[in-house]
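K.L.:
Protein chains in written order, with this note's numbering: chain A, 674 to 919; chain B, 674 to 919; chain C, 674 to 919.
Please note that a few of the clues may not be correct.
[As the list claims (entries may be wrong)] Below, in silico cross-link-like pairs of lysine to any residue (SDA-like), each with a Cα-Cα straight-line distance of 20 Å or less:
| id | chain 1 | residue 1 | chain 2 | residue 2 |
| --- | --- | --- | --- | --- |
| 1 | B | Lys-815 | A | Arg-738 |
| 2 | C | Lys-816 | B | Glu-739 |
| 3 | B | Lys-754 | C | Glu-810 |
| 4 | B | Lys-914 | A | Gly-910 |
| 5 | C | Lys-754 | A | Asp-811 |
| 6 | A | Lys-752 | B | Asp-811 |
| 7 | B | Lys-752 | C | Asp-811 |
| 8 | C | Lys-712 | A | Val-808 |
| 9 | C | Lys-914 | B | Pro-912 |
| 10 | C | Lys-815 | B | Gln-742 |
| 11 | C | Lys-767 | C | Asp-795 |
| 12 | A | Lys-914 | B | Pro-912 |
| 13 | B | Lys-712 | C | Leu-807 |
| 14 | A | Lys-815 | C | Phe-743 |
| 15 | C | Lys-914 | A | Gly-910 |
| 16 | B | Lys-712 | B | Asp-811 |
| 17 | A | Lys-712 | B | Asp-811 |
| 18 | C | Lys-816 | B | Gln-742 |
| 19 | A | Lys-816 | C | Ser-741 |
| 20 | C | Lys-815 | B | Glu-739 |
| 21 | A | Lys-752 | B | Ile-813 |
| 22 | B | Lys-754 | B | Ile-799 |
| 23 | C | Lys-815 | B | Ser-741 |
[What the hints assert, rightly or not] Label-pair restraints from in silico Cβ distances:
| id | chain 1 | residue 1 | chain 2 | residue 2 | range |
| --- | --- | --- | --- | --- | --- |
| 24 | C | Arg-730 | A | Asn-889 | 37 to 45 Å |
| 25 | C | His-783 | B | Asn-888 | 31 to 39 Å |
| 26 | C | His-782 | B | Ile-916 | 34 to 42 Å |
Since the hints were made in silico from the structure, they are not lab data. A virtual CB, placed ideally from N, CA and C, is assigned to each residue, including glycine.
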Amino acid sequence: MVLDRKLKTLLNMKVQENSVAIVGWEEGSAGQIHSWLEKMGIYHIACFVNPTDKALRIDNRKIRREASQFSYPTKNSFKDKPLLNSSKWAPSLKEYGIKKVLITTDDLHHRFKQIHYADENDFELINAVHPTALVMEDAIIKKNVILNARAFVGYRAEVFSGSIIDSGSQIDHHCVIKYCVTIDPGVVMAGNVTIGDFSTVHTGSVIKNRIQIGNNSIIGAGSVIVEDVPNNVTVVGVPGKIIRHH
Amino acid sequence: MVLDRKLKTLLNMKVQENSVAIVGWEEGSAGQIHSWLEKMGIYHIACFVNPTDKALRIDNRKIRREASQFSYPTKNSFKDKPLLNSSKWAPSLKEYGIKKVLITTDDLHHRFKQIHYADENDFELINAVHPTALVMEDAIIKKNVILNARAFVGYRAEVFSGSIIDSGSQIDHHCVIKYCVTIDPGVVMAGNVTIGDFSTVHTGSVIKNRIQIGNNSIIGAGSVIVEDVPNNVTVVGVPGKIIRHH
Amino acid sequence: MVLDRKLKTLLNMKVQENSVAIVGWEEGSAGQIHSWLEKMGIYHIACFVNPTDKALRIDNRKIRREASQFSYPTKNSFKDKPLLNSSKWAPSLKEYGIKKVLITTDDLHHRFKQIHYADENDFELINAVHPTALVMEDAIIKKNVILNARAFVGYRAEVFSGSIIDSGSQIDHHCVIKYCVTIDPGVVMAGNVTIGDFSTVHTGSVIKNRIQIGNNSIIGAGSVIVEDVPNNVTVVGVPGKIIRHH
Numbered sequence: 674m675v676l677d678r679k680l681k682t683l684l685n686m687k688v689q690e691n692s693v694a695i696v697g698w699e700e701g702s703a704g705q706i707h708s709w710l711e712k713m714g715i716y717h718i719a720c721f722v723n724p725t726d727k728a729l730r731i732d733n734r735k736i737r738r739e740a741s742q743f744s745y746p747t748k749n750s751f752k753d754k755p756l757l758n759s760s761k762w763a764p765s766l767k768e769y770g771i772k773k774v775l776i777t778t779d780d781l782h783h784r785f786k787q788i789h790y791a792d793e794n795d796f797e798l799i800n801a802v803h804p805t806a807l808v809m810e811d812a813i814i815k816k817n818v819i820l821n822a823r824a825f826v827g828y829r830a831e832v833f834s835g836s837i838i839d840s841g842s843q844i845d846h847h848c849v850i851k852y853c854v855t856i857d858p859g860v861v862m863a864g865n866v867t868i869g870d871f872s873t874v875h876t877g878s879v880i881k882n883r884i885q886i887g888n889n890s891i892i893g894a895g896s897v898i899v900e901d902v903p904n905n906v907t908v909v910g911v912p913g914k915i916i917r918h919h
Numbered sequence: 674m675v676l677d678r679k680l681k682t683l684l685n686m687k688v689q690e691n692s693v694a695i696v697g698w699e700e701g702s703a704g705q706i707h708s709w710l711e712k713m714g715i716y717h718i719a720c721f722v723n724p725t726d727k728a729l730r731i732d733n734r735k736i737r738r739e740a741s742q743f744s745y746p747t748k749n750s751f752k753d754k755p756l757l758n759s760s761k762w763a764p765s766l767k768e769y770g771i772k773k774v775l776i777t778t779d780d781l782h783h784r785f786k787q788i789h790y791a792d793e794n795d796f797e798l799i800n801a802v803h804p805t806a807l808v809m810e811d812a813i814i815k816k817n818v819i820l821n822a823r824a825f826v827g828y829r830a831e832v833f834s835g836s837i838i839d840s841g842s843q844i845d846h847h848c849v850i851k852y853c854v855t856i857d858p859g860v861v862m863a864g865n866v867t868i869g870d871f872s873t874v875h876t877g878s879v880i881k882n883r884i885q886i887g888n889n890s891i892i893g894a895g896s897v898i899v900e901d902v903p904n905n906v907t908v909v910g911v912p913g914k915i916i917r918h919h
Numbered sequence: 674m675v676l677d678r679k680l681k682t683l684l685n686m687k688v689q690e691n692s693v694a695i696v697g698w699e700e701g702s703a704g705q706i707h708s709w710l711e712k713m714g715i716y717h718i719a720c721f722v723n724p725t726d727k728a729l730r731i732d733n734r735k736i737r738r739e740a741s742q743f744s745y746p747t748k749n750s751f752k753d754k755p756l757l758n759s760s761k762w763a764p765s766l767k768e769y770g771i772k773k774v775l776i777t778t779d780d781l782h783h784r785f786k787q788i789h790y791a792d793e794n795d796f797e798l799i800n801a802v803h804p805t806a807l808v809m810e811d812a813i814i815k816k817n818v819i820l821n822a823r824a825f826v827g828y829r830a831e832v833f834s835g836s837i838i839d840s841g842s843q844i845d846h847h848c849v850i851k852y853c854v855t856i857d858p859g860v861v862m863a864g865n866v867t868i869g870d871f872s873t874v875h876t877g878s879v880i881k882n883r884i885q886i887g888n889n890s891i892i893g894a895g896s897v898i899v900e901d902v903p904n905n906v907t908v909v910g911v912p913g914k915i916i917r918h919h
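I would like the entire structure built from these sequences, with the hints used as guidance.
P.N.:
Shown next, in the form of structure tokens:
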């Protein structure tokens with residue numbers, strides 16, 4: 674990857690000990706996190722990374738969208754920060770003195786690969802915990818965990834690396850959220866629930882206490898889960914039924 | 674409208690620069706908002722307005738109700754504040770020096786008419802935002818918006834004039850809530866949802882990301898909306914189905 | 674009941690004016706409450722009470738559980754505090770100078786009996802209200818009420834003795850929660866709902882405004898209640914249907 678001069682200048686000017694590169698460029702995840710993470714005063718966001726070797730081309734004229742504010746990446750910039758396009762971003766970030774990263778990509782397996790790549794290259798994976806998130810006593814939060822506004826992690830619950838708990842979602846006491854899970858907004862999980870690696874729980878789902886959700890499974894929006902869910906399935910409805918094996 | 678002497682006296686004594694008249698008199702909306710709005714110390718509630726030309730007659734002996742505390746309006750008073758009964762309340766409020774109003778009426782079209790009437794008569798329409806409501810970065814809150822306790826308005830979400838977000842409801846990033854919408858308690862909306870003018874989303878409904886709800890539509894309590902909803906329909910269930918056109 | 678010497682020593686050392694005995698020993702209720710109640714600095718937790726005459730024997734090798742931290746009671750101890758095994762615990766607690774108790778047992782009728790026993794023996798029944806619980810204006814909270822993290826009790830709502838509102842549950846304005854009710858996490862109740870004595874509302878249920886739930890009834894997880902529920906039934910589904918009379 675060759676950084677163009679503008680990018681170099683921007684990066685050179687700004688990198689500090691607490692500088693972080695956010696891997697990801699989507700407005701609803703990287704963009705949203707950026708909006709509050711820098712304000713907290715703990716980290717400086719040095720740049721975003723598009724972890725592919727092509728610059729992004731988003732034709733936003735085709736996108737139906739009501740909101741009047743929405744940031745799309747351009748060739749070398751996202752949200753007034755430099756955007757690096759490279760699948761092998763580690764050497765470039767190192768060259769500019771950036772030692773911390775946060776992986777925010779939506780695709781779970783891609784997220785895992787990026788975390789692995791960061792780890793291999795000795796980057797520090799940070800957590801992004803919104804000030805209104807509530808983490809109860811003895812909860813365990815591993816690395817590269819994102820807790821959005823008002824996320825709740827109960828007493829002795831555990832959130833493993835690469836998992837994202839979105840706004841207002843509630844992971845009650847002794848729940849275990851394994852690696853690279855996404856919990857969408859407004860999900861409610863009673864106590865002692867486990868969510869397996871690479872699973873997704875969509876918006877507003879409800880999971881009864883002691884339920885075990887397998888790996889690689891998907892819980893549809895608004896589902897109510899009252900029985901264990903195996904690996905590699907999609908479950909929807911009330912009560913949740915398997916509608917697909919994958 | 675002729676104000677009786679008692680009302681005049683009460684108003685005369687109390688009106689200040691920050692005085693507000695609350696249009697509406699229902700305990701669950703106007704009454705509830707009054708209970709915290711004045712305490713915040715920003716506004717003084719000068720009076721309530723019943724925007725019809727008849728005094729209210731509520732026979733509370735007929736109402737089944739378990740709660741031991743409930744305020745009903747009397748002829749000229751609600752919650753120990755003067756109550757004005759008039760469809761043309763603007764001249765009276767002006768006479769007493771009240772320049773700010775908050776329209777709280779439950780009926781959406783009636784709410785719209787009252788907001789229009791206030792605007793025409795150069796009243797300032799205030800917002801009522803509970804201290805525990807959370808408004809994220811770059812969110813846009815227009816005029817006469819009510820955010821009850823723990824309402825959540827996400828990153829770059831927009832709430833247009835006359836809309837009410839009730840307790841604990843969550844409007845996630847880039848959602849757009851158009852004019853004179855009511856969102857009941859405990860609703861969860863993922864990102865990029867639009868709710869059209871004069872629509873109502875009832876208690877505890879869940880709306881998937883990117884869904885568009887039309888104008889004048891009603892989403893029943895506890896519904897899960899995974900497809901767009903047209904104008905002028907009532908939708909209920911999981912997943913939500915149209916049960917009525919209106 | 675004969676206290677063994679170790680127990681006596683522990684109790685003798687620690688009892689203060691603000692000491693409380695927690696009746697109950699389950700990790701998800703007594704254990705969880707202990708984790709934040711003592712930290713609040715209002716009460717000192719002197720001991721737990723297993724209100725039966727046998728010491729507990731829990732074979733935790735048989736329990737499938739993912740969480741890495743989980744406290745089980747031993748013969749005379751729970752969470753590094755003394756554990757008393759006695760159905761008639763009042764004289765022992767009195768002997769050691771403990772005057773306050775909190776009853777946390779999961780079984781509703783058993784909870785009621787323990788509250789009655791505490792009352793008869795002139796113990797003070799305390800409330801446990803997490804600092805993030807939100808109690809709105811004019812709400813009425815009786816005795817031995819537990820409000821977990823982020824529980825919400827609306828304007829003029831009422832919670833009677835022995836009731837537990839679990840994390841994130843929302844009891845809106847003018848709701849009445851009668852005696853010895855359990856509201857699981859993430860429940861949403863609109864205004865003017867009544868829940869009868871000894872009823873349980875399971876995780877993530879939604880209850881429409883003005884609904885009356887009878888005594889001794891059970892609302893299944895994720896149910897949506899849009900009609901009144903009689904006494905002594907179990908209701909599940911969307912909309913909730915009676916599946917059992919008891």
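K.L.:
Determine for every hint whether it applies to the structure shown.
P.N.:
To see whether the hints hold, each was checked on the structure:
1. Between Lys-815(B) and Arg-738(A) the alpha-carbon distance is near 19 Å, which keeps this suggested pair within the 20 Å criterion.
2. Distance check on the hinted pair: Lys-816(C) and Glu-739(B) sit about 19 Å apart at the alpha-carbon level, within 20 Å; holds.
3. Between the alpha carbons of Lys-754(B) and Glu-810(C) the distance comes to roughly 17 Å, so the proposed pair stays at or under 20 Å and holds.
4. Pair hint Lys-914(B) plus Gly-910(A) holds up; C-alpha atoms about 14 Å apart against a cutoff of 20 Å.
5. Our distance criterion of 20 Å between C-alpha atoms is met by Lys-754(C) and Asp-811(A), whose separation comes to about 17 Å.
6. Distance hint between Lys-752(A) and Asp-811(B) is fulfilled; the C-alpha atoms sit about 13 Å from each other, no more than 20 Å.
7. With a C-alpha separation of about 13 Å, the suggested pair Lys-752(B) and Asp-811(C) falls inside the 20 Å cut-off, and the hint holds.
8. Distance restraint check for Lys-712(C) and Val-808(A): the Cα-Cα separation of roughly 15 Å lies within the 20 Å cut-off, and the hinted pair is therefore satisfied.
9. Proposed proximity of Lys-914(C) and Pro-912(B) is supported: the alpha carbons are some 17 Å apart, at most 20 Å.
10. Taken as a hint, the Lys-815(C) and Gln-742(B) pair is honoured in the structure, with Cα atoms around 15 Å apart against an allowance of 20 Å.
11. Using a Cα cut-off of 20 Å, the hinted pair Lys-767(C) and Asp-795(C) holds, with the two alpha carbons roughly 10 Å apart.
12. Taking the CA atoms of Lys-914(A) and Pro-912(B), the gap is near 13 Å; set against the 20 Å cutoff, the hint holds.
13. For the suggested pair Lys-712(B) and Leu-807(C), the alpha carbons sit about 16 Å apart, so the restraint of at most 20 Å is met.
14. Among the hinted pairs, Lys-815(A) with Phe-743(C) is consistent with the structure: their alpha-carbon atoms are about 18 Å apart, no more than 20 Å.
15. Restraint check: the Cα-Cα separation between Lys-914(C) and Gly-910(A) comes to about 16 Å, which is no more than 20 Å; the hinted pair holds.
16. For the suggested pair Lys-712(B) and Asp-811(B), the alpha carbons sit about 27 Å apart, so the restraint of at most 20 Å is broken.
17. For a cut-off of 20 Å, the pair hint linking Lys-712(A) to Asp-811(B) stands: about 13 Å separates their Cα positions.
18. Distance restraint check for Lys-816(C) and Gln-742(B): the Cα-Cα separation of roughly 19 Å lies within the 20 Å cut-off, and the hinted pair is therefore satisfied.
19. Between the alpha carbons of Lys-816(A) and Ser-741(C) the distance comes to roughly 17 Å, so the proposed pair stays at or under 20 Å and holds.
20. Among the hinted pairs, Lys-815(C) with Glu-739(B) is consistent with the structure: their alpha-carbon atoms are about 15 Å apart, no more than 20 Å.
21. At roughly 18 Å between alpha-carbon atoms, Lys-752(A) and Ile-813(B) fall within 20 Å of each other, so this suggested pair holds.
22. Taking the CA atoms of Lys-754(B) and Ile-799(B), the gap is near 19 Å; set against the 20 Å cutoff, the hint holds.
23. A hinted pair counts as satisfied when its Cα atoms are at most 20 Å apart, and Lys-815(C) with Ser-741(B) qualifies at roughly 13 Å.
24. Checked against the hint of 37 to 45 Å, the C-beta distance between Arg-730(C) and Asn-889(A) comes to roughly 39 Å, which is consistent with it.
25. Between His-783(C) and Asn-888(B), the C-beta spacing of about 53 Å breaks the proposed range 31 to 39 Å.
26. Checking the proposed 34 to 42 Å range against His-782(C) and Ile-916(B) shows it holds: the Cβ atoms sit about 40 Å from each other.
In this structure, the earlier hints numbered 16 and 25 are contradicted, and the remaining ones agree with it.
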